[in-house]
Amino acid sequence: MTDDRRFAEVSLRVNGELRPLSLDTRTTLLDALREHLGLTGSKKGCDHGQCGACTVLLDGRRVLSCLALAVALDGAEVTTVEGLAGPGGLHPVQQAFLDRDAFQCGYCTPGQVCSAVGALAEYDAGWPSLVTDGEPALTDAEVAERMSGNLCRCGAYPNIVAAVRDAGAAR
Amino acid sequence: MRPFDYARAADPAGAVALVARPAAKYLAGGTNLVDLMKLGVETPALLVDVTRLLPTGIEESADGLRIGAGARNSDVAVDRRVRAGWPVLSQALLAGASGQLRNVATIGGNLLQRTRCRYFQDVTKPCNKRVPGTGCPAIAGAHRDLGILGTSEHCVATHPSDLAVALAALDATVHLHEAAPVPLTDLYPLPGDTPQVETVLPPGALITAVSLPPLGLPSRYRKVRDRASYAFAVASIAAALDVVDGTVRDVRIAWGGVAPRPWRATEAERVLRGGPATEAAFRAAADAELAAARPLPDNAFKVPLVRNLTAAVLAELAGVDR
Numbered sequence: 001m002t003d004d005r006r007f008a009e010v011s012l013r014v015n016g017e018l019r020p021l022s023l024d025t026r027t028t029l030l031d032a033l034r035e036h037l038g039l040t041g042s043k044k045g046c047d048h049g050q051c052g053a054c055t056v057l058l059d060g061r062r063v064l065s066c067l068a069l070a071v072a073l074d075g076a077e078v079t080t081v082e083g084l085a086g087p088g089g090l091h092p093v094q095q096a097f098l099d100r101d102a103f104q105c106g107y108c109t110p111g112q113v114c115s116a117v118g119a120l121a122e123y124d125a126g127w128p129s130l131v132t133d134g135e136p137a138l139t140d141a142e143v144a145e146r147m148s149g150n151l152c153r154c155g156a157y158p159n160i161v162a163a164v165r166d167a168g169a170a171r
Numbered sequence: 172m173r174p175f176d177y178a179r180a181a182d183p184a185g186a187v188a189l190v191a192r193p194a195a196k197y198l199a200g201g202t203n204l205v206d207l208m209k210l211g212v213e214t215p216a217l218l219v220d221v222t223r224l225l226p227t228g229i230e231e232s233a234d235g236l237r238i239g240a241g242a243r244n245s246d247v248a249v250d251r252r253v254r255a256g257w258p259v260l261s262q263a264l265l266a267g268a269s270g271q272l273r274n275v276a277t278i279g280g281n282l283l284q285r286t287r288c289r290y291f292q293d294v295t296k297p298c299n300k301r302v303p304g305t306g307c308p309a310i311a312g313a314h315r316d317l318g319i320l321g322t323s324e325h326c327v328a329t330h331p332s333d334l335a336v337a338l339a340a341l342d343a344t345v346h347l348h349e350a351a352p353v354p355l356t357d358l359y360p361l362p363g364d365t366p367q368v369e370t371v372l373p374p375g376a377l378i379t380a381v382s383l384p385p386l387g388l389p390s391r392y393r394k395v396r397d398r399a400s401y402a403f404a405v406a407s408i409a410a411a412l413d414v415v416d417g418t419v420r421d422v423r424i425a426w427g428g429v430a431p432r433p434w435r436a437t438e439a440e441r442v443l444r445g446g447p448a449t450e451a452a453f454r455a456a457a458d459a460e461l462a463a464a465r466p467l468p469d470n471a472f473k474v475p476l477v478r479n480l481t482a483a484v485l486a487e488l489a490g491v492d493r
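Going down the list, the sequences are from chains A and B.
Residues 1 to 171 (our numbering) make up the first sequence, in order.
Residues 172 to 493 (our numbering) make up the second sequence, in order.
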């Protein structure tokens, strides 16, 4: 099988840094991040787009890195959980997760945090969700619906919802 | 995953030329295709990436709405023109998948996604759709989520799209690169004895846009699923209803999660049009359509589910007390 491998040159801007890569065309964005760039914050939960643990921001939008082929993303800007904190400290969503104890084992947390950052940006842009009636507001129901693509097997959902609401209200 | 070559064309004509190569497939958002490649269900030798060449815009005119095939589901769902003029379309998109997936999935790709029947997705199992002639284990096996209408003795899979259900109710048209447009309701043939044939599109066809005429009547999408969000439909309905003086002047009904294609309930519509807008009439109309249902032991519950769902949504649209 190794004789058949097809390679491609791909350049990604990851957490602000340009990262040229030579990748097997089969490499997902998740594997490029974890196995080629050593950024193991993004987690491989199901690897089938069903759990959200691999969520990253791609050109500013939350996406599942396990279903994205890196070869198709040449020139894209990727932000992982490692790139959220700034010189002033943690990202407000990260801080809210700590303050609200919004996890137990922590495996889904990087995906939850990246998803929450993306979801709050969507909320700020006025995007409705399926449960929106009129203008969106950050209620428990809204946060639960908007974050439904991120599963937590520990069941830390009540505190995750509280953390996302806190982070949304704090801005 | 099998090794594959990757190519990007400059324009639709270039993409159509590339996809004519052996075992080539288009790649758009990839949210279903990449998963099927991991599962070994899809084994393309060449992926032709069309994400950068498909139109992504949404245009409104007197003829209605035209949506570029490369538009992302989320962008269409939140578009203010869509929300104002075709709310059922926005709701159907927002009912599908998750925020992360909607940000990537495209309108064209959504229509060509494959069934989530577990036998289709498991290459160790027989499946007439995946390997014609091997049989359909779902009929005597796990068919609780599968179809009750339009199925055959060879396949009982359902089409998984929420978007397509809304588009079926909206009389949408699918536009192709240099080929005749196809009405959405004609896009998916019933399985019969060839369940491997999933669309009427010729080989290499490239969807470039979807258009829909003006609606002008209240509409609604409602989806029943096993959890509150982020799950495929057990059953769903896209409906639009115009009631004048207690009489149904116009009605559109399409069902999801119950058939190999988004199921436009033309018989139910015929029964309702010109008749009273009452809950009893809504139930009777659903029953008229469901007379053709051929449920299996573990999905027979979908018959009363669809009847109740239809009555509830039409009653809501009509503003009648239940």
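These aren't lab readings, by the way, just hints derived from the structure by calculation.
Backbone N, C-alpha and C define an ideal beta-carbon position, used for all residues, glycine too.
Among these hints, one or two may not hold up.
Partial chain A-side listing against chain B, Cβ under 7 Å, derived [as the list claims (entries may be wrong)]: (1) Arg19; (2) Thr25; (3) Gly60; (4) Arg100; (5) Phe103.
Chain B is nowhere near these chain A residues, computed Cβ spacing over 10 Å in every case [as the list claims (entries may be wrong)]: (6) Thr28; (7) Gly45; (8) Val63; (9) Leu84; (10) His91; (11) Leu138; (12) Gly155; (13) Ala162.
Checked against the structure, which of the hints given earlier come out wrong? Numbers 1, 3, 4, 5, 6, 8 - these are the hints that the structure violates, sorted from lowest upward.
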